[in-house]
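Colleague: Chain by chain, the residues run as shown.
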Amino acid sequence: MIAASEHVRAQVGTDTELGFWLYLMSDAVLFGLIFATFAVMSTNFADGPSGADLFDMKNLAYQTALLLTSSLTIALAHRAAMDTHTVQAVLWLGITCLLGGGFLLLELHELSGFVERDAGPGRSGYLSAFFTLVGTHGLHVTAGLIWGVTLIVQLMIKGTEKRVLSRLNRLSLFWHFLDIVWICVFSLVYLPELM
Amino acid sequence: MTDDLSFLFGRLGLDALPFYSWVALSGALVTVAGGVGFLAIVTWLGKWRELWTGWLTTVDHKRLGIMYIVLALVMLVRGFVDAIMMRLQQAMALNSEGYLPPEHFEQIFSSHGTIMIFFMAMPFMTGLMNFVIPLQIGARDVAFPTLNAISFWLTAAGAGLMLISLVIGKFSTAGWTGYPPYSGVEFTPGVGVDYWIWSILISGVGTTMTGINFVVTILRKRAPGMLLMRMPLFTWTALCSSILIIFAFPALTVSCAMLALDRTLGMHFFTNDSGGNVMNYMNLFWIWGHPEVYILILPAFGIFSEVVATFSSKRLFGYPSLVYATAVISILSFTVWLHHFFTMGAGANVNAVFGIATMVIAVPTGVKVFDWLFTMFRGRIRFEPPMLFTIGFMCLFVIGGMTGVLLAIPPINYSTHNTTFLVAHFHNMIIPGVLFGYLAGYMYWFPKALGFRLNRTWGVRAFWLWLIGFLLAFMPLYFLGLMGMPRRMESYSNPEWQPLLLIAFAGAFLILLGIVSLAIQLAISIRDRQTLADATGDPWDGRTLEWSMPSPPPPWNFDEVPVVETRDAFHEAKLTGRPLSPADEDEAVMVPDNTIVGPCMGLAGFCVGFGAVWFMWWLALAGLALAIATLIARSFAENTEQEIDLGPKARAT
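If you're matching them up, the sequences are chains A and B in order.
Everything in the first sequence is counted per our numbering, starting at 1 for the first residue and increasing by one.
Everything in the second sequence is counted per our numbering, starting at 196 for the first residue and increasing by one.
In case anyone wonders, no lab produced these hints; they're calculated from the structure.
Every value quoted in this text rests on a predicted model; they were computed, and no experiment measured them.
Even for Gly, the Cβ is constructed at its ideal location relative to N, Cα and C.
A hint or two may mislead.
Each computed SDA-like pair below joins lysine to any residue, with the alpha-carbon atoms no more than 25 Å apart [said to hold, decoys possible]:
hint	chain 1	residue 1	chain 2	residue 2
1	B	Lys416	A	Lys58
2	B	Lys769	B	Arg577
3	A	Lys58	A	Leu105
4	A	Lys158	B	Met785
5	A	Lys162	B	Phe621
6	A	Lys162	B	Glu782
Residues of chain A placed beyond 12 Å of chain B at every Cβ, according to the derived structure [claimed, not checked]:
hint	residue
7	Phe31
8	Gly32
9	Leu33
10	Thr69
11	Leu76
12	Leu91
13	His109
14	Arg123
15	Tyr126
16	Leu127
17	Ile146
18	Leu151
19	Glu161
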């Protein structure tokens with residue numbers, strides 16, 4: 001039995017990480033196509049509001065600050081776990097989840113505000129593409145949060161065991177990836193409207 | 196009261212049952228009887244425990260492969276019933292209604308295409324890859340066995356949704372491509388298009404994970420010395436096909452998900468009004484759709500390459516050129532999607548670019564055909580059924596390729612677009628190209644999988660029936676297309692068309708006999724399994740590693756992982772009399788335990804799909820929660836593998 005789990009541990013550093021990179025590439029194509037669709041529909045307002053009428057620079061700044069900071073904290077969590085500082089890793093990962101949760105709350109607040117102002121996803125092609133793009137990113141962040149909380153529990157139960165480390169490594173890749181996607185959302189969706 | 200029920204059942208009511216037409220009702224009854232009959236037989240034989248532990252919860256790539264192929268064969272029968280019903284309708288429907296009401300005819304051509312592509316061809320391909328690839332590269336398993344089981348069960352969930360649409364509710368009438376705005380909620384408000392969307396989305400997730408799994412398996416799990424340019428051609432084509440899956444399937448997910456958002460949440464991606472852009476759907480769909488053609492056919496090319504070398508008793512001619520041709524096709528497959536809608540009006544220059552790119556693809560494909568021909572040249576050819584299918588493919592595929600180049604010329608395409616000429620062309624590629632390849636692979640590797648060969652006589656009969664049936668069924672459609680007959684016609688008034696449609700029906704009938712022959716072949720081979728037994732593990736004088744082990748292989752595949760020193764290493768070993776030398780392995784031989792993760796994820800996927808189709812949101816959420824809970828629980832599991840003690844013989848070496 002000991003041999004069994006050691007074997008599993010010997011495997012995780014390599015194959016699973018390659019597999020995860022492949023998944024990220026697939027996901028990047030998915031986001032790329034949604035971005036392309038947004039670009040195609042970026043002026044299809046159908047007499048509805050445009051981004052310039054809706055977006056709020058302050059909210060955007062807070063959201064971006066939270067998410068970018070969380071990329072730093074997850075890197076610190078990963079670093080701490082690599083050095084087998086379990087408590088620190090749990091703390092940094094907890095902060096990451098809080099920051100990610102804060103980002104999601106702000107996003108929900110923003111989107112529900114749009115819906116209240118009769119600018120929901122069914123209003124125009126532009127808003128359908130906007131809600132889908134931002135919503136897909138938000139769903140990914142949600143999945144990352146579920147993953148993060150699970151890992152906090154595993155860190156507390158199992159410590160910085162090799163499989164847990166590998167998962168943390170992949171979560172951190174995922175999180176940085178979502179950060180990059182957000183930077184694209186920020187600069188391709190929000191900024192042109194706010195400039 | 197109604198509020199309570201609509202919470203529970205969404206828009207599902209008694210009117211969803213198919214009492215509106217006898218054809219639909221009998222289809223539903225056959226489906227239900229098939230399901231109930233299967234359960235009854237398992238119960239009667241007392242095989243539940245064996246079914247559960249041996250198959251349903253397995254993570255063994257070989258057993259998953261066999262289950263994929265069983266699924267594919269069942270869906271082949273279902274898809275073929277649709278096909279012959281369409282042929283019968285068109286043979287009858289001169290100046291009349293035929294026997295099918297229009298809406299029913301539309302459902303049938305939609306489900307025929309959907310089933311054949313997503314639930315026949317894809318599982319058949321994935322099944323062959325699952326069974327063969329680890330054996331060919333000298334691996335004990337795929338990289339991610341549990342993920343592999345999840346992929347299978349998600350595919351099965353999609354197929355389940357597809358089948359249940361025959362019993363509860365109706366299927367899509369929008370064709371297998373589901374073009375908006377017709378497939379939008381304004382023109383097609385029922386559940387049909389939603390069934391189509393969700394069965395594709397759910398199985399598509401499974402397929403994406405299969406792609407990832409096989410890229411990692413092929414890149415990381417090869418035996419020592421199995422360099423990339425020593426890999427068998429089927430492994431090469433499976434690798435390229437898996438890479439295509441990873442990059443192409445997101446486009447299918449995006450197009451179908453956006454259509455679902457339009458239909459369910461009232462968005463405006465593909466609507467005529469409110470800023471929708473219908474043409475964006477065609478682009479997104481075919482950015483997936485054209486690579487998909489190559490996802491399906493590349494592994495078939497790989498099978499033909501294996502079969503033609505084995506049964507010509509010769510080394511494969513031009514191995515490097517076949518590898519490069521495969522890679523070039525993979526890349527070019529992403530550059531031609533617009534040829535599916537030249538008539539959309541993208542402009543002459545855009546059409547010209549895509550037309551030329553399409554013609555360029557014919558070049559590496561032609562290289563392959565010549566390589567296979569030169570492999571046969573001066574070989575000692577054995578006309579076993581897999582080889583017959585391969586030769587039949589080479590003859591017929593060239594015709595399909597030629598008509599493909601014709602269709603690639605935009606001005607010609609304008610006059611043949613959406614005619615039966617197109618239908619004939621893509622069936623010409625998919626039946627001889629894809630299906631003949633998979634059937635050849637099925638007959639080629641069957642003895643390896645189950646330990647006995649398939650009956651030769653019935654295999655030969657099946658081949659001739661398929662070949663002649665195909666020619667009769669589809670050659671007339673080329674002429675009908677040139678005579679101006681549009682595809683998907685439920686009735687027509689041109690008497691010149693009917694004789695050709697009658698010939699096409701006769702062809703479909705011969706294909707029916709071909710399918711019956713396949714069934715008879717399977718049945719009598721099981722009956723005669725003692726005489727057909729494959730004692731050596733190498734019934735065809737094979738060349739690649741999978742033939743070096745007993746049939747069927749043990750769960751850990753290789754007692755000793757071999758060191759590979761050349762291409763066709765097993766054949767080389769037989770030739771020189773020097774057995775393959777075993778690799779030094781410091782790790783214990785591990786076999787993963789059974790797990791219910793796969794069936795749980797399949798159930799979850801089915802609930803999500805069924806709930807979303809019928810607006811039973813509690814069910815969809817429950818499915819989602821089940822999926823998340825399963826994954827979390829699995830991540831806490833310890834010791835999911837068992838060590839295998841291969842005894843002193845293996846240890847001593």
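Colleague: So, against the hints stated earlier in the document, which numbers end up violated here?
Modeller: 1, 5, 7, 8, 9, 14, 15, 16, 17, 18 and 19
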